[in-house]
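Got chain A sorted already, so can you dock chain B onto it with the hints?
The chain contents come next:
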Amino acid sequence: MSLAAASVIEQISAAMSVSNLQHQVNVSNIANRDTLGYQRMRLQFEHAMSEPGAATVVADRSNVPASLEQDLVAMSTNLMQYQTMARALGRYLAIVAAIANPNRG
Amino acid sequence: MDYFKAIEISAAGMAVQQARMEAATLNLANMNTTAAPGTPGYRPVTAVIHAVPSFSARLNGESQPMMLPQAALVPQTGAVPRTVYEPGHPNADAAGMVSYPAVDHTQEMFTVMTALRAYEANVAAIQATKMLAAKALEIGNQ
Numbered sequence: 077m078s079l080a081a082a083s084v085i086e087q088i089s090a091a092m093s094v095s096n097l098q099h100q101v102n103v104s105n106i107a108n109r110d111t112l113g114y115q116r117m118r119l120q121f122e123h124a125m126s127e128p129g130a131a132t133v134v135a136d137r138s139n140v141p142a143s144l145e146q147d148l149v150a151m152s153t154n155l156m157q158y159q160t161m162a163r164a165l166g167r168y169l170a171i172v173a174a175i176a177n178p179n180r181g
Numbered sequence: 110m111d112y113f114k115a116i117e118i119s120a121a122g123m124a125v126q127q128a129r130m131e132a133a134t135l136n137l138a139n140m141n142t143t144a145a146p147g148t149p150g151y152r153p154v155t156a157v158i159h160a161v162p163s164f165s166a167r168l169n170g171e172s173q174p175m176m177l178p179q180a181a182l183v184p185q186t187g188a189v190p191r192t193v194y195e196p197g198h199p200n201a202d203a204a205g206m207v208s209y210p211a212v213d214h215t216q217e218m219f220t221v222m223t224a225l226r227a228y229e230a231n232v233a234a235i236q237a238t239k240m241l242a243a244k245a246l247e248i249g250n251q
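Line by line, the protein sequences are chains A and B. Letter by letter, the first sequence follows residues 77 to 181 in our numbering. Letter by letter, the second sequence follows residues 110 to 251 in our numbering.
Extracted from the complex, chain A is given alone in its bound form (with noise of 0.2 Å):
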């Protein structure tokens, strides 16, 4: 496998992993909508430019209340764009597959 190919590998599964957070997140300001004294918690990404999937969890101090409907909604688009990353990474492992090996149906 080529220096590129794991590159782009490597990408697509930092941002999986990414992805994979941002649903624990919002699986937990799901979850805990009637904990007394929950801060709602978010993503930041201020080194995931430089550094792939080196987003954080810390607390959402906006104070803007987010209805149920919002949070579903952010879930179900993250779910999406999961997909979307786990469908291209098993296509590109297939594109490498099938130029590892030519013979092959």
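To be clear, the hints were calculated from the coordinates, so they are not data collected in a lab. This list has only true hints and no planted wrong ones.
Partner residues are not named here, just some residues of chain B that face chain A (Cβ under 8 Å, in silico):
(1) 118
(2) 119
(3) 121
(4) 125
(5) 159
(6) 178
(7) 226
(8) 227
(9) 231
(10) 234
(11) 237
(12) 247
(13) 249
Note that beta-carbon positions come from the ideal geometry of N, C-alpha and C, so glycine has one too.
Relative to chain A, chain B alone:
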């Protein structure tokens, strides 16, 4: 990627909503419960929800443990019973007044509806987590 953590959070959320539903249905069921004068009658309960560190976080000794919601049914304090003039009632006092629990029917129905919706949202979250895991397993099958 820890999918079980997300499922653990959603399961805790479902348990909390179940407790809210339990409190509301308990209050509604006992709305017309009376007691003899001088004896304590039914006191409406409230689901008090606190955040506690998850078991896995405590087990692993995480510095910033994931907080899970946990509910406890607590009798309401300071709720003034509703008194109704029913002189023929067996539990009426000397003035003919009967004490009923201070249950707000509208508020309890609102709690039932919001708890139901929040429960559904947590179920949807679990379904989404399952889909994430399934999609991750599909990688390489194409």
